[in-house]
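One letter stands for each residue in the lines below.
Protein chains: 2
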Amino acid sequence: MGLLGLGTVGTGTAEILLDSAGRNPLIKQMAIHRVGVKSLDKPRAVDLPRELFTTDLESIVTDPEVDVVVELIGGIEPARSLILKAIEAKKHIVTANKAVIARHGDEIYTAANEAGVYVLLEASVGGGIPIIQPLKQSLGANKIQRVTGIINGTTNYILTRMQTEGADFDEVLADAQRLGYAEADPTADVDGFDAADKISILASLAFGGRIHYEDIEREGIRQVSVTDITYAEDLGFVVKLLAIAQRDEHTHGSLQVRVGPTFVPRDHPLASVNGVYNAILVEGEPLGQVMFFGPGAGKGATASAVVSDLLNLFSLLASDQKNPLLGCSHQHYCTITPISELETRFYVRFLCGDRPGVIGHLGTCFGHHGVSLESIVQIGFQDHLAEVVVVTHDVQEQNFRDALAEIQGESARDINIASILRVL
Amino acid sequence: MGLLGLGTVGTGTAEILLDSAGRNPLIKQMAIHRVGVKSLDKPRAVDLPRELFTTDLESIVTDPEVDVVVELIGGIEPARSLILKAIEAKKHIVTANKAVIARHGDEIYTAANEAGVYVLLEASVGGGIPIIQPLKQSLGANKIQRVTGIINGTTNYILTRMQTEGADFDEVLADAQRLGYAEADPTADVDGFDAADKISILASLAFGGRIHYEDIEREGIRQVSVTDITYAEDLGFVVKLLAIAQRDEHTHGSLQVRVGPTFVPRDHPLASVNGVYNAILVEGEPLGQVMFFGPGAGKGATASAVVSDLLNLFSLLASDQKNPLLGCSHQHYCTITPISELETRFYVRFLCGDRPGVIGHLGTCFGHHGVSLESIVQIGFQDHLAEVVVVTHDVQEQNFRDALAEIQGESARDINIASILRVL
Ligand SMILES: NC(=O)c1ccc[n+]([C@@H]2O[C@H](COP(=O)([O-])OP(=O)(O)OC[C@H]3O[C@@H](n4cnc5c(N)ncnc54)[C@H](OP(=O)(O)O)[C@@H]3O)[C@@H](O)[C@H]2O)c1
Ligand SMILES: NC(=O)c1ccc[n+]([C@@H]2O[C@H](COP(=O)([O-])OP(=O)(O)OC[C@H]3O[C@@H](n4cnc5c(N)ncnc54)[C@H](OP(=O)(O)O)[C@@H]3O)[C@@H](O)[C@H]2O)c1
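These protein sequence lines map, in sequence, to chains A and B. Following numbering that gives the first Met the number 0, the numbering of the first sequence begins with 0 at its first residue and continues without gaps. Following numbering that gives the first Met the number 0, the numbering of the second sequence begins with 0 at its first residue and continues without gaps.
Incorrect hints may appear among the rest.
Identical chains blur together in the list; that is why a pair holds if it fits in one copy or across any two.
Straight-line distance between alpha carbons at most 16 angstroms, and here's what the computed EDC-like set of lysine to aspartate or glutamate pairs gives [as the list claims (entries may be wrong)]: (1) 142 with 214; (2) 142 with 50; (3) 37 with 169; (4) 298 with 284; (5) 89 with 76; (6) 298 with 396; (7) 41 with 353; (8) 27 with 167; (9) 89 with 405; (10) 142 with 18.
The hints are simulated quantities; they were obtained by calculation from the structure and are not laboratory data. Here the structure is a predicted model, which is why all the values come from computation and not from measurement.
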């Protein structure tokens with residue numbers, strides 16, 4: 000394959016391909032033949048032979064040895080021209096570039112259909128969250144009614160901090176820029192362009208038609224004030240930048256596609272999606288609601304999505320007949336850790352005769368077996384028995400059981416265990 | 000295809016296949032050739048020709064006209080024998096039957112690999128939530144560390160009601176049985192067998208090895224008391240029946256697989272999954288955490304998953320080369336509803352000179368344009384201006400804009416709009 004770009008996502012992708020153990024076995028077969036970058040001198044975090052590198056990206060997309068082109072340079076040009084040239088040369092495309100697809104998807108997909116190649120773009124929306132493939136395949140039985148997403152991590156981070164800290168937009172934006180959560184030029188994120196690119200891609204898949212980018216109603220979060228966020232809370236809402244695509248109930252067949260700051264009821268599944276996380280809620284018939292939640296950006300997460308597209312392509316290219324992604328590829332059994340060796344936290348509730356020194360006795364016995372406690376509290380009384388609740392730190396199940404045996408030993412016949420539950 | 004079973008899920012599946020408009024175009028090509036049931040006399044909710052029905056299920060799985068067998072009868076026998084016979088006759092299998100896969104997956108997959116057919120089972124875990132295909136494909140780049148699921152709707156429903164109502168297990172179980180959320184014999188659900196079946200399937204996919212069903216540590220929710228749920232809340236937790244499979248950090252390569260009631264920290268993504276909903280959290284490297292949330296059972300949701308497997312099979316069987324599920328199949332553009340015709344709720348904050356009648360003026364103007372209000376409240380003061388917050392019901396954008404224009408008309412120069420946001 001030919002890799003265009005070895006920045007954040009390109010590096011993450013190469014890291015996965017170079018460390019294939021423990022991942023899908025097909026990954027071992029994926030080799031990087033060429034790497035296109037802007038500067039040959041830049042130090043690279045990933046160990047690839049220098050002779051793979053070139054600044055002549057056109058030579059990659061026309062290289063007969065390359066069957067798949069992974070476009071991770073971003074932006075409109077030269078990404079658009081390179082993708083079109085690669086398609087012309089009958090290469091399959093994997094891209095994380097929502098902007099070029101949202102704005103030039105029409106010519107790209109028309110060219111791909113003519114050339115008989117695939118253009119896969121799982122990484123373009125929702126970072127590591129599988130959403131493109133589910134919309135294309137897993138949810139294909141449904142008539143989709145609506146797709147609602149928190150699909151821009153930067154704005155969700157800013158709104159979350161405005162809400163929790165009561166801080167102003169400008170203040171939080173500056174801090175987010177300092178911390179690397181927002182770009183020096185934040186327009187694409189805070190003015191909603193990025194979310195608009197992404198919802199146009201989701202709408203296109205969900206409703207089976209292309210979207211004119213200019214048709215999308217778009218509003219950013221610059222004008223959202225702390226005052227409104229506070230009133231939202233008083234009224235039972237949180238403010239989120241939502242991207243929504245839905246089939247219009249009145250004008251059959253027509254769609255609404257929009258991006259804007261929105262009051263979301265506190266008990267809505269999207270309301271608790273905070274910080275840089277993304278989530279996409281899909282509503283359809285007969286399915287009802289499903290939600291996909293996860294990291295919307297970042298090196299590893301986005302690369303995970305890029306490689307999932309590569310897996311799809313390689314399973315098609317490698318197999319004459321049987322798709323290795325759908326079959327069962329293992330025959331051995333897993334080794335299971337014996338229960339006595341499990342490590343977890345525990346909650347235990349004791350009912351004890353109310354005599355002095357009970358808590359001391361419990362503490363001592365747990366101590367004997369190396370069971371360290373997070374809390375031990377006498378909470379109340381039940382039927383004249385004192386209720387004592389213990390929460391442990393992570394402990395070995397066997398040690399914990401041994402401590403309980405000692406606690407209930409002959410010197411303490413009036414200590415009963417009312418319940419034991421694990422703690423996540 | 001041959002359908003074994005036309006109960007809840009079978010009926011839902013047939014309904015999708017008989018109403019293909021607006022769904023993935025491949026669905027039109029799926030024909031039901033045979034239907035196997037227990038009783039020929041039972042009235043059926045779905046309109047299928049009587050001559051398709053038979054009680055001789057063996058004749059279906061050996062029928063040369065049938066290339067895919069959809070097993071939706073449930074239970075171990077005769078499901079197991081029928082699946083094995085179908086595989087022997089080189090039929091692909093789609094099943095929603097977690098029990099037969101968890102307990103006899105070994106012989107079923109071994110037979111399928113020998114026969115060169117697929118056994119697909121998206122519907123067997125998480126109902127309509129896509130989780131099998133994501134684990135097999137979308138997340139394939141990752142080293143999975145842990146899979147944590149709320150994968151039994153009945154127990155989650157019971158625990159949720161115990162928590163919100165402070166009611167006892169027996170009481171809620173009886174009510175759940177009355178309402179159809181729990182079976183007359185609730186053992187499979189409340190004693191954790193169903194969740195154990197499902198986590199063994201997920202563990203097998205996530206960690207690439209088969210699981211001996213007996214190796215799974217399993218505990219149900221019968222002994223969970225309201226007292227513990229209350230203490231959990233005091234300590235910042237909720238109680239959930241979790242199914243967990245994780246790679247052991249200490250004993251490299253060994254797995255922990257268990258089902259049991261567990262204290263879940265209130266801010267954990269799984270803590271807010273309530274009622275009959277299911278959710279599965281997958282943790283992996285380099286991805287981080289992704290969560291899949293949705294309806295874990297029910298006719299339509301489960302059938303959606305069955306048909307997604309059929310889509311995968313038909314795309315393989317139908318295509319010589321190009322996979323129609325991965326390609327782009329549409330060329331036209333979607334029609335977008337003009338913004339003026341959108342219907343949503345709005346939040347508006349006004350800053351007004353503090354004169355009598357302001358709220359009346361606002362109300363009158365909204366009324367003129369048919370904008371009905373959910374609330375209108377004077378909340379506070381800012382810079383000597385009264386702050387009035389309005390939340391509307393669903394209204395047409397154009398009417399709302401017209402009302403605002405009238406509000407700001409010449410008679411009211413001291414009314415400013417501080418912000419407008421949509422409400423979900
Ligand atoms: N970062 C994320 O978290 C994330 C998440 C989702 C999607 N994406 C998408 O992934 C794509 C890549 O993003 P990124 O963050 O990895 O970008 P990045 O870190 O800026 O890396 C861009 C790479 O492309 C190369 N490049 C840029 N312009 C070039 C040109 N004209 N000729 C040759 N090489 C050129 C750069 O070369 P040098 O190394 O020599 O400068 C660099 O290796 C974008 O479409 C982005 O929207 C990113
Ligand atoms: N229901 C859900 O929400 C759900 C969710 C996830 C997974 N599942 C799984 O889906 C499968 C089907 O569940 P379901 O709820 O649809 O079951 P169901 O409503 O009880 O339907 C079972 C169907 O199988 C037929 N059948 C049963 N035993 C038979 C036999 N020995 N010979 C011939 N036909 C037989 C029945 O025929 P008659 O109609 O003639 O009685 C009926 O049509 C199970 O594996 C279940 O675990 C169900």
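Status of the hints after comparison with the structure:
1. 142 with 214: For residue 142 and residue 214, neither the intra-copy (22 angstroms) nor the inter-copy (41 angstroms) Cα distance is at most 16 angstroms.
2. 142 with 50: Neither: 50 angstroms inside a chain and 30 angstroms across chains, both beyond 16 angstroms.
3. 37 with 169: Classified as neither: same-chain Cα gap 33 angstroms, cross-chain 68 angstroms, threshold 16 angstroms.
4. 298 with 284: Classified as between; 11 angstroms across copies, 35 angstroms inside a copy.
5. 89 with 76: This pair counts as neither: shortest intra-copy Cα distance 20 angstroms, inter-copy 50 angstroms.
6. 298 with 396: Neither: 37 angstroms inside a chain and 40 angstroms across chains, both beyond 16 angstroms.
7. 41 with 353: neither (71 angstroms within a copy, 63 angstroms between copies)
8. 27 with 167: Cα proximity of residue 27 and residue 167: none, with 49 angstroms in one copy and 54 angstroms across.
9. 89 with 405: neither (72 angstroms within a copy, 59 angstroms between copies)
10. 142 with 18: between (40 angstroms within a copy, 10 angstroms between copies)
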